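Engineer: Which chain is which? The protein sequence lines are A and B, in order.
First residue of the first sequence: 1, per our numbering; consecutive thereafter.
First residue of the second sequence: 1, per our numbering; consecutive thereafter.
This list has only true hints and no planted wrong ones.
Computed, partial: chain B to chain A, Cβ under 10 Å:
#1 81
#2 88
#3 103
#4 150
No wet-lab data here; the hints were simulated from the structure.
Only a predicted model underlies this, so the values are computations on that prediction, with no experimental measurement involved.
Every residue, glycine too, gets a C-beta built ideally from N, C-alpha and C.
Residue-level listing of the chains:
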Amino acid sequence: MAGSRQPAAAGAAPPSRGRPPPGRRLAAWLSQERVFRLIPFIAVEAVFILVIIIPFILTIYISLLRWRANRPFEQANFSGFLNYGRVLGKDEFWMALGRTFYFAGAAVILELLIGFVLAYLLHRHFRGRRLYITIFLAPMMVVPVVVGYNFSMIYVDSGPLNEILAPFLEPFGIDPRIRWLSHPLAAQWAIILADVWQWTSLTFLIFLSGFAALPQQLVDAARVLGASPSQIFWRVHLPLLKPAIIIAVVIRSMEALKMFDPVVLLTFGGPGISTQTIAYYLWQEVWVFNKYSYGAAASILLLIFFAVFIFLGIWLLVRQRESVRRVDV
Amino acid sequence: MAEIVLRDLVKHFGSAVAVAGVHLQIEDGEFLIMVGPSGCGKTTTLNMISGLETPTSGEIFIGDQVVNDLEPGERGLGMVFQDLALFPHMTVFENIAFGLRVKKTEEAEVERRVRAAADAMHIGALLDKRPSECSGGEAQRVALARTIVNDPSVFLMDEPLSSLDAKLRLDMRTELKHLHHRLRATFVYVTHDQAEAMTMADRIVVMEGGRIEQVGAPLEIYRRPASRFVAGFFGVPTMNFLEGEVAAGAGDGLEFRSTRVVQPLSASTPAAVAGSAATLGVRAEHVRLAPSDDGAGRVTLTEPLGDETLVFFEFGGSAPLVAKVDPDSPLGPGDPVAFDFDRDWCHLFDPESGARLN
Chain A
1 MAGSRQPAAA GAAPPSRGRP PPGRRLAAWL SQERVFRLIP FIAVEAVFIL VIIIPFILTI
61 YISLLRWRAN RPFEQANFSG FLNYGRVLGK DEFWMALGRT FYFAGAAVIL ELLIGFVLAY
121 LLHRHFRGRR LYITIFLAPM MVVPVVVGYN FSMIYVDSGP LNEILAPFLE PFGIDPRIRW
181 LSHPLAAQWA IILADVWQWT SLTFLIFLSG FAALPQQLVD AARVLGASPS QIFWRVHLPL
241 LKPAIIIAVV IRSMEALKMF DPVVLLTFGG PGISTQTIAY YLWQEVWVFN KYSYGAAASI
301 LLLIFFAVFI FLGIWLLVRQ RESVRRVDV
Chain B
1 MAEIVLRDLV KHFGSAVAVA GVHLQIEDGE FLIMVGPSGC GKTTTLNMIS GLETPTSGEI
61 FIGDQVVNDL EPGERGLGMV FQDLALFPHM TVFENIAFGL RVKKTEEAEV ERRVRAAADA
121 MHIGALLDKR PSECSGGEAQ RVALARTIVN DPSVFLMDEP LSSLDAKLRL DMRTELKHLH
181 HRLRATFVYV THDQAEAMTM ADRIVVMEGG RIEQVGAPLE IYRRPASRFV AGFFGVPTMN
241 FLEGEVAAGA GDGLEFRSTR VVQPLSASTP AAVAGSAATL GVRAEHVRLA PSDDGAGRVT
301 LTEPLGDETL VFFEFGGSAP LVAKVDPDSP LGPGDPVAFD FDRDWCHLFD PESGARLN
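Please model the entire structure based on the sequences and the hints provided.
Structural biologist: In C-alpha cells:
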C-alpha cells in the first residue's frame with residue numbers, strides 16, 4: 001500500500017516558482033504567527049512611549065533646569081534640585097495642597113455616601129426605576145463649563161439657593177443672604193457642592209453595577225438563616241461591595257485631587273486664595289507667571305504625593321476588607 | 001413537629017402562571033423529592049415554603065401554623081441552594097456560624113456547635129479556609145454543615161448536587177440519605193434528575209406545568225405512572241410508546257393494535273377502553289426479543305452497558321423500539337428479531353390527555 005502511494009505523492013508536489021515581489025514578501029513576513037502577534041503590542045508600546053514616557057522624561061529634565069517660558073530655552077541652565085527645594089519651601093504650595101486634600105476629601109466622602117444610598121435605593125426592580133437612574137446619571141454628562149455657569153447662577157446672593165434656605169434660616173435669626181462666592185468658607189463649600197452634584201453620578205453608577213453583580217442567592221441564604229435586613233446590609237452587601245467601593249474611591253480621588261474647573265468657573269481661586277487648589281496654583285505659576293521649570297518640579301512632586309496617597313488608601317481599604325472577614329458577625 | 005401542608009398554592013409572575021394550585025401534605029420526617037422538567041414550578045414551590053417567594057394565593061402550614069406571613073428566618077427551616085450560596089468573604093467557620101451569630105448566640109456555644117457540625121460533615125480541617133479554596137464536594141459539605149448547625153426541623157434543598165461531577169453526585173446521594181436517617185428531619189428536595197429522585201426519596205412529587213402530575217413512592221411511580229408524561233420522564237432508556245387502538249381480542253380479553261403490532265392486554269384492563277384510541281407504553285425491560293429469520297424487527301444499534309445491553313430495533317412503526325437484553329446476547333446491527341411485550345407491564349394512556357387508562 002505504501003509503495004503504491006509514493007508516485008502519487010511525488011506527482012502532487014507543487015511546481016517550483018520564482019521569488020515573489022517584495023511587497024508580497026513583506027506581507028507574508030508580517031502575517032507569520034510570531035510577527036503578527038507582536039504588531040498590536042508594538043503599536044501600544046509606541047503610543048505609550050510617545051504620549052507618556054517622552055513627556056515624562058522631558059518634564060523631569062525641565063524640572064532640573066532654571067527656565068522661564070518668556071526666555072529663550074538656550075539660556076536655560078542646569079540647576080539640579082533647586083526647583084524642588086523652592087517648591088517644598090513655598091507656603092502657598094503647601095496651603096494649596098492642603099486645601100486640595102480638604103476639598104477632595106469632603107467631596108469624595110459626600111459623593112460616596114450619596115452615591116451608595118441612591119444605588120441601594122434603586123438596585124431593586126420597581127416601576128419607574130429606569131427613569132430615576134437616567135435622572136441620577138445626567139449630571140455626569142453635563143459639560144463642566146455649563147455646571148460652573150449654572151452654579152454661579154444658583155449661588156448669586158439673591159439666587160435660588162438662598163431663596164430656598166431663607167425659610168429655614170430666618171427663624172434662627174441667621175441672615176439668609178449667604179455670600180456663597182465671596183465668603184471664604186462658603187466659597188470653599190460652594191465648590192465642593194458643585195463637584196458633588198456633578199460626580200455623585202459616577203459613584204452611583206459604580207455602586208449600582210456593584211449591587212447588580214451581587215448574587216441574589218447569597219441574600220436569600222442570609223434571609224433563610226435568619227438575618228435581618230440591616231444584618232444582611234452590613235454582613236453581606238457591604239463586604240461584597242468592597243471592590244466597587246475601592247474602585248469608586250480611587251477613581252474619584254484621582255479626579256478630585258486635580259480639581260480645577262469649578263475653581264476657575266466659580267471663584268478664580270478667591271476670595272483671596274481661599275479656594276486655590278493645587279491644580280489652580282500650578283496653572284497660575286506656569287501659565288500666568290511662566291515658571292515652567294518650577295511647575296515641572298511641582299508636578300513631579302505632586303505625582304509622588306498623590307501616588308503614595310492613592311496606594312495608601314487602597315492598602316487601607318484592602319486591609320480593612322481583610323479585617324471585615326474576621327470580624328464577628 | 002415538622003409536617004408541611006400546602007393548600008391550593010398558586011403563584012403568578014405577571015401573566016405567567018408558575019404554580020397552578022398545588023395541594024400537598026409532607027409528613028414529619030419524610031424525604032420528599034419534587035421532580036420535573038425546567039419551568040414546571042418545583043423551585044417556585046420550594047421558595048414559597050422557604051418564604052423567599054410570596055404565594056399569590058393559598059396557604060402554607062408548617063406544623064399547625066400558617067406561615068405565609070412569616071419571614072424566611074422565622075420559619076425554622078434550613079436551605080441548601082443550587083449554587084450553594086456560601087459567603088465568599090467569610091471563612092468556612094464564619095459561614096457555618098452565620099446563622100447562630102445573627103441570632104446572637106453566645107460565642108462559646110457558636111464555637112461548640114460549629115465544630116460539632118463540621119465534624120459531622122467531615123470538614124473539621126477546612127474551618128480556616130475560604131469557600132473558594134474548597135473542592136466541589138467540600139463546598140457541598142460546608143453548605144450542609146451551615147444548615148444542620150441551626151438544627152432545623154425542615155431541610156429544603158434546591159438541586160444541591162447539580163454542580164457536582166457524576167461520581168461525586170453518587171457519593172453525595174448516599175451521604176444525604178445517611179444524613180436524613182441520622183437527623184430524622186423532614187427533607188424537601190427539588191431536582192430535575194429522575195435518578196436522584198428514585199434513589200433518595202421516600203415519596204416523589206412529579207410536577208409539570210405548575211401542577212402535580214403524580215405523588216407516590218419511587219417504585220409506584222416507576223411501575224404505575226399516572227400519565228404518559230410521568231411514564232416518559234422516569235426510566236432510562238425512555239419508555240417505548242406506540243400509537244394505536246384497543247379492541248376486543250381473540251378470546252375474552254382485549255388487545256392493542258398498531259402498525260405491525262398486535263399485543264394482548266392483561267385481564268385487568270378495563271373493558272370500557274375497548275374501541276378507543278390509545279398510546280401503549282412499555283419499558284425496555286418488558287420487551288422480549290428473540291433472534292428470528294422471519295421476525296418483524298431488525299436491529300439497528302446496540303449499546304452495551306456492562307450489566308445489560310440496550311438493543312434498538314426497527315419494526316416498521318413510526319419510531320424504533322428499545323429492549324434491554326442479557327449482556328451476552330449475540331444480537332448485532334442488521335440481525336432480524338421477533339419481539340413481543342410482557343402483557344402485565346403494558347401501560348395504556350389516553351392519546352389526548354395523557355391520562356392512564358388501565
